[in-house]
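Protein chains in written order, with the numbering used here: chain A, 14 to 380; chain B, 3 to 160.
A partial selection of chain A residues facing chain B, derived with a Cβ cut-off under 10 Å:
1. Phe23
2. Glu24
3. Gln39
4. Thr40
5. Lys41
Far from chain A, some chain B residues (derived; all Cβ distances over 10 Å):
6. Glu54
7. Gln108
8. Glu157
By construction, these hints were calculated from the structure, which means they are not laboratory data. Since this is a predicted model, take the numbers as computed values, not measurements. C-beta: ideal position from N, C-alpha, C; glycine also.
In case you want the letters, here they are:
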Amino acid sequence: MKELNWKDCFEPAPEAFERSVQRALQTKTEEQQMKRIIPRSAIIAFALILVLMATALAFGGDILNFLHTKDIGEVQIQKPDVEVKYKEDGILKEIRVDEAVCDGHSFHMLVTCIADPEKGALLWGFDWDKDLSTLPFAAERAAAPKVYELNPSEMVVETGGQKYEIMENLDKRYDSAYSISMDITFFIDEMNLGDTMTVSSAFWLGDYPSTENVPYSVTLPVQIAKARVYEATNLPIKLENYKVLSARITRTDMGSYFEIEVEDDYDPEEYENSMVEDEEGCSRPSITLPLHGSPWFHVLDQEGQKLPCMTNEWKDLERFSDAEEWMHLLIREMIPITQIGSSYTIQPRDSGTGELFTPYTLEFVER
Amino acid sequence: MTEFEFEQQVTALTQKMYRVSASLLRSPQDRQDAVQECVWKAWRKLPQLRDESLFNAWIMRILVNECKRLCRSHWREVTVEEIEIEQPDGMDSRLRDEALHNAVMQLPEKLRLAVTLYYIDGFSLRETAHILHCPEGTVKQRLHRARTTLRVLLEEEV
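Next up, chain B with everything else stripped away, as it sits in the complex (with noise of 0.2 Å):
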């Protein structure tokens, strides 16, 4: 893959990339922090990439990874009153379903990023698999919970 194609196809993932890192981070910058360290990651770890049409699950999993230790490093701890006062940096909530948003946000983290690899982002279960790390019927088990879930919490929206 030359430099050019892999700007394109970053680019070409940016919606996606952000709806990950959205899915999992609350802060706007922590999520632009995310995507900087996976794109970088990715960078360097290019040559390491044998298969090449396994890119986009790749790269997806490089984010997932770096949210994921964003999210568990001390430093991010933030506390209710820092989220309440964060900005949101240019996010307009208006251009979103608030009920389905809040639904999938109030999935516990596994659902929640099955369902936004699969439905949302519409990767297979091949590649979500791949993403997330685990085999695909872990992802169907998942995506089923989440279903149930969503349904239930849905209904009570309204």
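In isolation and in its complexed conformation, chain A is listed as follows (with noise of 0.2 Å):
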């Protein structure tokens, strides 16, 4: 088969890779202090679904509003003083910050965009290849003398000396066919009172390729919420498809944080030694390890409904860091709670084919 022009088997790097890896050649050193929150750009879909599940069960539709819940707790968020820069001509008449809140453990925003309406309507930059009639506003948007794209590019936040991307912690809403919101909720692991916290972003905004870049950047101080700490006492567990080691809730007065940690239980000799030939020819474990499929978890009321999720982590613990197969996660979701139950149930699921597997509930108690 080498007689086969095997060079002509793939078309060449397009342009664009090869920008990627010189691009990641030239933030390596950055990249190794910047903590990529959810290093997948496809998370948005899935973000995008769970906050407007969220949402719409917390809030009944409206629009997330934690500055305005009263009496969850002892400690309460102060609506911070926010200062916002943006480049105030062109065709946006506004960029809003309705809402900027930390809590130590995440951070919220909401931020509106408008259009001057004699100038055009917005649309969502990735919302460009949709069948616009499908779209809120849509008779609106068509009656406008133009359509502008808005695109979020190069989102970051930085506080402490440490950047964070938050592009894939964005999701949207059309307000009108000349307003768009931004609602960015994402973990940080470090802040520290006393310091600022500054989001920095541009709008790519334009009638493609003509395009405007119009930065922005709001810069809030950093709140810290006093937190309790709840951790479950019935652990660690195999369950039916996993293990679960800990976990634990982090409760503040803007929401619970629920984290899980899971590893596959496998015996690696056992793996190794399952390795068998298939009719193709082709070594194949015969066993399979449990977290090969999508690992997560829905975390159940008393009633066995799924709370909202506000936002969500997954991370590789890689407490090996050369195990090519085997699994070690830390499953983290922000859940708009701030009353906390004895015990919650947790239903692992593997989100890739939908299974769902035996329910497991969890006693906690306060640290």
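Assemble the dimeric complex from its two separately framed chains, guided by the hints.
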């Protein structure tokens, strides 16, 4: 088969791919300090669904509004003074920060971009390939003199000398044909009281390919809410598809953070010895590692209903960095509840196949 | 290995990295994500690489792992519709042998990867075995099986 023209089997690498390699080389040192919150851009869609579900369930369809939540704990986060900088001419009439708050565990911001109706309507850039007639405010947008694409780019938050990419933690909502609100909720592990937090970004706005760069930044003081920590007492346990090592809830007056540590439970030697040749002549393991699906979990309330999730994270703990197959994960969800019960049920789920596994009730005590 | 040498070696591997990622991932964005993670991870782990002559195979193994990791991540589950509307991101399919490409892409993943590394990227049997983390004999078997399958697929094409 060497006689085949193998070199023509794939097209040359596109420029975008080459740029990615060069960009990775240029940023390789910075990346060591950069915590990639959720490093996969495709999680946007997943996060959108979860956040929209959470919003609908928790707030009856209203936009998230933690700042207006009252009587939920002994520590109340104050609405911070927010400094917003942006270029005030061009297509956008206003960039408004409706909410910006952090509690020491996560950061939440609601930004609204409003276009000048005389100039044109706004379209979320990622909606460009959709049927515009199916989008909210389609008639108004169709009647507008122009439609400009709004594309967020290079969204970064910086605090305490650390940079966090937040592009993946972005949700959006059309308020009208001329207004788009962006909801950003994401985890930050290290926040220090007295620091400031600056979210900087830019919008590519325009009638492609003629675009205008609209940079803006939002700065606010870091606040640390008093947290209560609850730990599960009836762990570790081997469930039917993986092992749950520990579980913890950290509760502030913004919400509750469920963290569950899970890992494959298998014998590496047995796994290696299980290699057999299949009918295609390939060596394959005859046993499958438990986490080779897409592990996730739902947190259920006492009625067995799934609690809404504001944002989530899936971290490789990589206790053995070279482990190719074995997985050890921390799954984290922020759930907008502030009254913690003594028990919660988790339902393991393979989010790839949708398969649900036997629920398990965790008993929590305050640490 | 100095930083300059690392950058030179990675740059020289760009085309091979593209072919490996393209053989495992359909989405151009996923390929870019995978290669970026690979480069960052390789740079972090570079001090662990004792034998620099293994650099090419070593970094390709990291790339394969990153691609597989993306494949099995639940948020990488894309629907057929999403694949169909996916933009080729500057990819020019006129510059490839469509029949051969389609035949290779129809191979099971393990065979496809072995073919890409050995025949297309030109890695040796030993290097291919190292990248795939399997014995050389297994690579030979996969290549043999791939050739047989490709022959059938290409004859059907003709």
